[in-house]
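Student: Chain residues, written in single-letter form:
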Amino acid sequence: MTTSLSLQRLSWDQRRKLTGVLFVLPTVLFVVVFFIIPLLMTFGMSFYDWPLFGDHTFVGLQNYTDLAKDRQFLKSIDFTARYTLMITPPIFVLGFILASLVRHNIPGISIFRTIFFMPVVIGLGVSSLLWVWLLNDQVGIINKIMLDLGIVEKAQLFMARPDSAMAVIIISVIWKTVGFTMILLLAGLQAIPDELYESADVDGAGYFQKLRFITLPLMRRTIALALILSVIGSVLSFDQFYIMTGGGPRNSTISVVYWIFNNSFTYFKMGYGAAMSIVLLVVLVLLSAVQFYLLRDNT
Amino acid sequence: MNIRRLSTAALLLGLLIMSLAPLSAQDEPVTMTMWVRSINFSVQTLVDEWNATHDNQIELTEVPAAEFVTKMGAAVAAGEAPDIASIDLIYTPAFASAGQLVDLTEYVNALPYADDLSPAHMTLGEYEGRNYAVPFAAEGSFLIYNVDLFEQAGLDPENPPTTWDEVLEAARAITALGDDTYGYYFAGNCAGCNAFTFLPFIWASGGDVLSEDFSQPTLEEDPAVSEALALYRTMWEEGLIPEGAIVDGGENFTNAFASGTIGMAGTGAFGIDNYKTNYPDLNFDVTYIPGKDGGTASFGGGDNIGIPTGSEYVEEAWEFIEWTLSEDVQLELYAGNNQLPVRLSLADNEYFEEDPRLSLAASTLSVGHTPYSLVYNDLFNDANGPWLLMLQVAIFDGDIDGAIAEAQQRFSEIMGG
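Respectively, the protein sequence lines represent chains A and B.
Position one of the first sequence corresponds to residue 1 (the working numbering), numbered consecutively onward.
Position one of the second sequence corresponds to residue 300 (the working numbering), numbered consecutively onward.
With the rest of the complex left out, here is chain B:
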């Protein structure tokens, strides 16, 4: 009797499993959730195209950039992480080291073009030799300048500044035009904006803020740091930068230049897209961020895409990720929308040939610096962190040495744990 009951139970169980099986297999389309920080690149366009052409659907949530890491961390802790996440590449090491991202090494190895993917993104996506994320949106910083103002000030827009002296001269000449024109702009209360646009001034001069293995701060010993701060300080003191810059927490990071009264500013490809789309009359060109006596550098920024731990749809999520990396998508939906392709070999494409400004932006990817740090947020991006405080005390208050000493100490404390 027991055996008969047991076999009946086994049969029922088998039937139950068989009836459930199709639900978990590929046959049924699934709906995945995806989070992206609010960046200029229209991820919605991308997702709409995917949803229109695939059975598996994606629900996109845009999270304010400043709150992304907090919200993501809280969601992961609560077991409610999305299936796909596009993360500021800077944070990928922190997420990967905490075991919050699915190991994608096998998938990445199977990509025939893995070596062609933006190196900064791939480095940041690695943790202890494994891949946890691949590039999703690429950004490199560069200098944007107003061609009309350059001409009015008697400067040659074909030969933009290549040294700091030339930056300073150009800024003075443009400010001298009067009428509320200013030579330069930076968002003085925005930590991340200035990691993106000010760090390259230091790098381009052969300096750095962190040691080569990213283990120690080098703010005090590297003269390029104080010299770059002195450049900004001079521009601020001489009134070459609008006063409102002191309180700009990033709200006017791109808008200020759009006003047409700013000579030069640091920006990224998002700037080009924004000005081309929304300010068609703005006559601008771009150039590399120069070092003190020449040289160039760029901040390799943008987003990495990964699959948060706990996602039930790893296979399906990877299908989407692989689709975004495909040549067609990279060309038509990325380059075609003024977005830099994340595959280096696609930097030269028909869309960018029409606009050399985008070609220059794309070319910064191969020379972009990106600090690899598990505490990047605490060091550079925190609105109350040591990086922004150093900039403000040095540039607005004029105490360059004091600012650097304080920052060196805070950096050491944070990096020491």
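Next up, chain A with everything else stripped away, as it sits in the complex:
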């Protein structure tokens, strides 16, 4: 009763604002409980020597200064950067090609869209396990096909060498994620009015001219979104390495998140892991800011 009475006393504008607050409240609560609070806890934790069990002690900035001396951390940054640089362009280009192929609403096209998108809906962990078995030297179908076609003389141990391990991981992740980039870019492509292309045709523009002067400029925001999501995903990559290579061979595929995981949950240096997570967060924010700046909408 009191609530409805007090509500009635509010002006139309106040009630409208209150309604808005109520609508966003669940999301705000979710973000606060599952992001802001853990983030603050992680930040606090990064100033402690914090074993998984036993007492924790305040060590100030030591976890951060130790990072500079951690050779594996620096190696992991290098590896993660190389991985991101290697995997982002093919995902984007392939995603763009696929989006262009399935762009027009012709009968039956949704079957192709579904097929290309399907790997996205399974988890990365599941897809990594799937590839482990596809690539297995004893029972994997990929080795079987290559042997039967005479491409190789004996079953290949893909995970035995750093370069081949990296190559098959990149192929598996492209397979897994390209559908997502395709869907994002497809939405961007379809938002461009056909009239623009028609008038370009009238002016005698070819395919690449249309791409250069109509498609790409008008898709700036979509491209920015697709690239930022793709880069963030690569910088945070963990599952594929944990499952497919276990960081090997010779520790050549330990990403930054993998190293955070190892320190936190294998060596139980939770404070140190927290410090690395904070550094990674700052790097990601900077990376995203740079990307937003470079791909900003000038118009």
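Since the hints were made in silico from the structure, they are not lab data.
Every value quoted in this text rests on a predicted model; they were computed, and no experiment measured them.
You may find that some hints are simply not true.
Distance windows between CB atoms, simulated [unchecked claim]:
#: 1; chain 1: A; residue 1: Ile122; chain 2: B; residue 2: His353; range: 42 to 48 angstroms
#: 2; chain 1: A; residue 1: Arg250; chain 2: B; residue 2: Asp654; range: 37 to 43 angstroms
#: 3; chain 1: A; residue 1: Pro107; chain 2: B; residue 2: Ala557; range: 53 to 59 angstroms
#: 4; chain 1: B; residue 1: Asp478; chain 2: A; residue 2: Phe112; range: 47 to 53 angstroms
#: 5; chain 1: A; residue 1: Leu67; chain 2: B; residue 2: Ser396; range: 23 to 29 angstroms
#: 6; chain 1: A; residue 1: Thr27; chain 2: B; residue 2: Leu410; range: 47 to 53 angstroms
#: 7; chain 1: B; residue 1: Ser644; chain 2: A; residue 2: Leu67; range: 51 to 57 angstroms
#: 8; chain 1: A; residue 1: Thr57; chain 2: B; residue 2: Glu542; range: 46 to 52 angstroms
#: 9; chain 1: A; residue 1: Val285; chain 2: B; residue 2: Glu550; range: 36 to 42 angstroms
#: 10; chain 1: B; residue 1: Glu542; chain 2: A; residue 2: Gly108; range: 44 to 50 angstroms
Every residue, glycine too, gets a C-beta built ideally from N, C-alpha and C.
Given chain A, put chain B in place with the hints provided.
Tutor: Then chain B, alone, in the frame of chain A:
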């Protein structure tokens, strides 16, 4: 009035306490939780037998071996630790030092056979002079070899290799049989497997990877380390080991030998049990892991059992632990199931008399080495740790000196905190 109210309250409180008392006393059977890492030894059989014969029940959870310490640590931190935990003995010092296990010294002292318990397990179960765990499952490493392949290759299965030269010769002869037979096998991407089966090669030659007080790494100064690596490197280079070994993270640690195409491999009693039960046609025998020019050594492994801090049923949990150590259980449920008894005096028993292979396995317990380290996991068991990296760079890439130097440095860093 106040006094009357107070006395009424006291009376009610007394009644309440009396009504609650039976719940916490022995009268009511309790259900305890127990965690065990997935090891070959059938703990479920043991627990089933206990549950069938006792009022207090145990709910057993098997945790994947590779995740045990993480899960246990997380559970303890969250206040949800089990009442009983069977822990890889290597980790007992780390758990005990962090105050995660109940002090069992009084209970252990009351055992009439305390001195008879596996010494490696008891040492690892101690922290600052107090006992925090007792042996639960015992394992010693040794060499297993395929008798049929030995005979085919013209080797004498009655006289298995006792030096590295003999190991190498036997491996060459067996590989020479062709038909995808290989002289030797080890899981090349499995850190723990090789602590268990490769370290004894070093120990048996009089060398070690850690100083006697376990405070410093001795990888660089001890020639036995590089010589043992060179032995494996030679076998790898000459193709005496199947190529798949390079990616084996432990999945094929026991399976490879079961295929019948492997001449020799390091294993433990779990191997004997597995091959006897699942591969009855496999004709195999066992011998000690040899040193360079003779000598033998073994890794004293297995599990310790303890009571995690926070358990409400310490008395009841100890009853179970004491029951597992009793002579009947050790003989019938351990030895009778191809499992090594954890009491030394029971190593010679009627079950093992029938199978001398198990007697040999049991005899490794009294000579087993086990490093005592709070950072054992980071040094030896971590899949991305310095131990496995050293083995791989030395054996697969051939850079023995570089591998050892790198490992020496990483060991020092980890042990220095």
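Student: Can you tell me whether the CB distance of valine 285(A) to glutamate 550(B) sits inside 36 to 42 angstroms?
Tutor: Between valine 285(A) and glutamate 550(B), where Cβ atoms are some 40 angstroms apart, the hint holds.
Student: Taking the CB of threonine 27(A) and the CB of leucine 410(B), does the distance hold inside 47 to 53 angstroms?
Tutor: Hint violated: Cβ distance 60 angstroms, outside 47 to 53 angstroms.
Student: How does the Cβ-Cβ distance of threonine 57(A) and glutamate 542(B) compare with 46 to 52 angstroms: does it lie in that range?
Tutor: Roughly 48 angstroms apart at Cβ, these two residues keep to the hinted range, so it holds.
Student: Does the hinted range 44 to 50 angstroms hold for glutamate 542(B) and glycine 108(A) at CB?
Tutor: 46 angstroms, holds
Student: Within 37 to 43 angstroms or not, the Cβ separation of arginine 250(A) and aspartate 654(B)?
Tutor: 41 angstroms, holds
Student: Could you check the hint for me, namely that proline 107(A) and alanine 557(B) are 53 to 59 angstroms apart, CB to CB?
Tutor: For proline 107(A) and alanine 557(B) the Cβ distance comes to about 56 angstroms; the hint holds.
Student: Determine whether the Cβ-Cβ distance between serine 644(B) and leucine 67(A) falls within the hinted range of 51 to 57 angstroms.
Tutor: 53 angstroms, holds
Student: Is 23 to 29 angstroms right for how far apart the beta carbons of leucine 67(A) and serine 396(B) are?
Tutor: 26 angstroms, holds
Student: Just to be sure I understand the hint, the distance between the Cβ atoms of isoleucine 122(A) and histidine 353(B) should be within 42 to 48 angstroms; is that true here?
Tutor: 46 angstroms, holds
Student: Given a hinted range of 47 to 53 angstroms, is it respected by the beta-carbon distance of aspartate 478(B) and phenylalanine 112(A)?
Tutor: Holds, since aspartate 478(B) and phenylalanine 112(A) (Cβ atoms, about 49 angstroms apart) stay within the stated range.
The structure does not agree with numbered hint 6 stated previously, though it agrees with all others.
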